[in-house]
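Protein sequences, first through last, are from chains A and B.
FYI, in this note's numbering the residues of the first sequence are 2 to 182.
FYI, in this note's numbering the residues of the second sequence are 121 to 327.
No wet-lab data here; the hints were simulated from the structure.
All the given hints hold, so there is nothing to weed out.
Pairs of lysine to aspartate or glutamate residues, derived as EDC-like cross-links and limited to a Cα-Cα distance of at most 20 Å, are as follows:
#, chain 1, residue 1, chain 2, residue 2
1, A, LYS171, A, GLU123
2, A, LYS171, B, ASP131
3, A, LYS171, B, ASP125
4, A, LYS175, B, ASP127
5, A, LYS171, B, ASP127
6, A, LYS171, B, GLU321
7, A, LYS74, B, ASP131
8, A, LYS175, B, ASP131
9, A, LYS176, B, ASP125
10, A, LYS175, A, GLU127
11, A, LYS176, B, ASP127
12, A, LYS175, B, ASP125
13, A, LYS74, A, ASP154
A few chain B residues that don't get close to chain A, going by computed Cβ distances all over 12 Å:
#, residue
14, TYR199
15, ALA291
16, PHE294
If you're wondering where the values come from, they're calculated on a predicted model, not measured in any experiment.
Where is the CB? At the ideal position from N, CA and C, for every residue including glycine.
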Amino acid sequence: MVADPDTNMAGPNGVENDATPPFDRIVADYGGLISRIAMSYEADPTLREDLTQQIFLAVWQALPSYRADATLKTFIAKVAQNRSISYVARQARQPRVAEIPETLEAEDGTPEQHAIHANEREALLEATRQLAMPQREVIILVLEGFTYTEIGDMLNIAPNALALRLSRAKAALKKILEPGR
Amino acid sequence: MTEFDLDRLGDVWRQQPDPAELEALRRVADAVRRRARWSQLIDVLAALVVAGVVLVLALSNPRKEALIVGGAAIVALLYSIVRQRRLREAELRGLTGSAEEMLDQSIARVQATLKRAKFGAVMTTPALVLGLALGYLTDRRSPGDPVSWYHGQPGLVAAVLALACGSLAIAMFFVFRSMRNSRQELERLTGLREAYHKEGEQGLRSD
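Bound-form chain B, shown alone (with noise of 0.2 Å):
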């Protein structure tokens, strides 16, 4: 290469991949379209069962009750589907619009990923004390009940205790991973959007 010519590189990078690469890139499309279909599939019929369900126990037991429990059950499902139907959308704007708004979107979600990771971090504290508070305050034990007997057992409550200060461990180590990640991954889309943003001040300057 005696000169560097873009066009002649463009010969170069245009070769196409061999039959062997195309026929497993066509076995990778291929499952990945099967994959996507089942998913749409999946999501159409547990959304149809979920509601089955809930008019056939409305309507075989027409309460009042029950048919608020019904009724909230269909509001939750339809509140999620147009939720999903939402986060879709925004994604496809990701994928179709420019590389700065495509970008712009990701920090926004991975920001408001990260928000919620910490509100949930924090009020983890002050819920197990309201929930510690709320046992005491409504234990009213008796001889016999099944409550008392289990208070009479010392290895089983340290069982139970060290079993649930472990799920709240490896609950807490998952969240703060969780909120590691996602803040790495804010650095390098901040980090890719700045890239741009000084190209995008550059060509105004030569303007």
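The following block holds chain A by itself, in its conformation from the complex (with noise of 0.2 Å):
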């Protein structure tokens, strides 16, 4: 039978039980989260992996202090959202961002579908680096699909005070992905 990775947890204690998932577990299931947890937050390829790097070892170290009151992928966006708040503000100079695009269409049944859709979430990506850092956290949350219940928890604010920043952080979204509009 195969452990269900969001009721059980892997420790950095080399012990994997029946109840533990294994890391390499974690890392196909979630890998994906904190991929795009990482690229959120640095634009560059380089710094990006050593980003990339402190988030698995964050989420190795965390890992023991699991407990499931929370779902696991709950658990691993806290912790890679965590460990790159305070990679930015332990970054030198401020975290590359480049020209976005000016238009999104993707939707136009071109050939080269599959391209705009890349370069659409390549935009979506540049834009959510623009945000301001509590815009960004709330953001980054409802594109991965939380709940609001879970993001209120996550992010330890009240539902309207969410409801509130989540509106201020889709506006700011908006204008910058639309800015004619």
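Using the hints, put the two chains back together into the complex; each one sits in its own frame.
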């Protein structure tokens, strides 16, 4: 039987029992999440690899403190976000932000749709990197598909405050992605 | 994109990395885990080796002085282990708490680092003066001893002085550079904390 990564944990003590999905499994299940969070805080590929390593190490160190009162996904997202925020604070220079394409029209059914989709994703990533940190944090969690209850718990803020922060973040993101509108 | 739709953007956002990217991620994670395990193992082995050496030395020469020095070494080792453990726990709280808590903790850490660095820099001059004064007061040269020979070689004295001054200048350069980096980090942390504070205040005003 395959262990459910949302209800079990892996530890850095090297002992992985039945209740512990191996770290490999965590990487396979949540590697994409970690990679996207790293991308939304650092555009430079070399520095991003360094940030990704820091996040993996942080997850590995924090896993023994995981309690199943939240899903493993929320736990990993919180650790990854906190490590990324502290990474930004430590950087001597501001993380690189690239130019944003003027429009993001992706639904035109052209043969290059896949490439356009990838461009759209890159533009979205660049736009999130331009958001103020509290807004970036909340937008990333919404884009990752977390529920508002989960986000409120992760950020430790009341539903009203979350709604306001999200609304401001959404407006800021829209302004960056659709500057003419 | 005709409408600003976060759900649709979420679909774009959550595209899975391609297999090559996933493989690269797996390799990075493996390397990180391996290094972390080795680091833990080396910490434990180093502690055991130090404790073992101290015990062997103390037991093979069971004089009062040896036992006192051995005991002090063991106490220092235990203190270092407890301190490392506390630092790890504090780091863990920062990782698993809210961003605001993590920022508060980081600000306190950088402020403490800056305070220590400032104290070290300020104490350098009095420490040097004290060291020179002590050297002068305890100078009991007699003809033929190595100290007298050393003072009789002006070139050697000048070289040692130049080396000492150079080392001090390099050390001070690193201390001041580290202080500048800490100040910049503190500014960034304070700026981020302020951004969260403003968001919180705006949330409260809207309630």
